[in-house]
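Chemist: Please construct the entire structure, taking both the sequences and the accompanying hints into account.
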Amino acid sequence: MEGVLWYVFTGTRGGPNRVRIVRALREQPRNANQLAEELDLDYKTVRHHLDVLLENNILDRGGDGYGAIYLISDQATQHWETIERISEQMG
Amino acid sequence: MAIWIDSLRLTIGVNLLLILGLLSIWGRNFLQFRSKHTLGLFVFGLMLLSENLLALYFFQFDPVLHVWFSAEMPMIAQRAIMLIRIFETIGLVFLIWITWD
Numbered sequence: 001m002e003g004v005l006w007y008v009f010t011g012t013r014g015g016p017n018r019v020r021i022v023r024a025l026r027e028q029p030r031n032a033n034q035l036a037e038e039l040d041l042d043y044k045t046v047r048h049h050l051d052v053l054l055e056n057n058i059l060d061r062g063g064d065g066y067g068a069i070y071l072i073s074d075q076a077t078q079h080w081e082t083i084e085r086i087s088e089q090m091g
Numbered sequence: 001m002a003i004w005i006d007s008l009r010l011t012i013g014v015n016l017l018l019i020l021g022l023l024s025i026w027g028r029n030f031l032q033f034r035s036k037h038t039l040g041l042f043v044f045g046l047m048l049l050s051e052n053l054l055a056l057y058f059f060q061f062d063p064v065l066h067v068w069f070s071a072e073m074p075m076i077a078q079r080a081i082m083l084i085r086i087f088e089t090i091g092l093v094f095l096i097w098i099t100w101d
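So the sequence lines, in the order shown, correspond to chains C and L. For what it's worth, the numbering used here labels the leading residue of the first sequence as 1, then goes sequentially. For what it's worth, the numbering used here labels the leading residue of the second sequence as 1, then goes sequentially.
Hint data in this document are derived by calculation from the structure and do not stem from the laboratory. Treat the hints with caution; some may be incorrect.
One-sided excerpt, in silico: chain L residues whose CB lies under 7 Å from chain C [as the list claims (entries may be wrong)]:
| hint | residue |
| --- | --- |
| 1 | N29 |
| 2 | Q32 |
| 3 | F33 |
| 4 | S35 |
| 5 | L41 |
Far from chain C by the CB rule (all over 10 Å, computed), these chain L residues [stated by the list, open to error]:
| hint | residue |
| --- | --- |
| 6 | W4 |
| 7 | D6 |
| 8 | L20 |
| 9 | F59 |
| 10 | D62 |
Given the structure is predicted, the values throughout are model-derived calculations rather than measurements. All C-beta atoms, glycine included, are put in the ideal place defined by N, C-alpha and C.
Modeler: Given below as structure tokens:
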């Protein structure tokens, strides 16, 4: 999981925005629309990042369709220290 | 017959473009995160870039090697070198695929 976190957040083009998404979801679970608004990102961009994060087991999804709520997965919660460190380095 | 050498130059050109794409992402992430991981990726990219630039120089510009590679290298050696470059290209394409994301 450690390696996945580092690459998904710091090795890829969309990494920095994915850090912002995960930070926002740590505060409270939200749906894609709320995230787009909160972070001032395009809705489709947010959906893409959410898919990548789901695929890598960093997030879980509750519900379906437009209203689906995203939250930090158990696995990612266990590694929250790593995510915190990445996030701090981003400033 | 320099067809293999021409293809070789082309492959090196493609590799260079792919590496520059990776470096642009890894370099930006390094500036943002300043972590050991982002530095590692960036330096790896720089080394691979140097390797390909050097290869291009040998095959295309070096006064002695350029002639030797074009005219005198046996076909079997040209093909062998080409094969190595193609594997590198395939590897880079996959790396771009997961990184340009």
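Chemist: Are there hints from earlier that the structure breaks, and if so, what are their numbers?
Modeler: none
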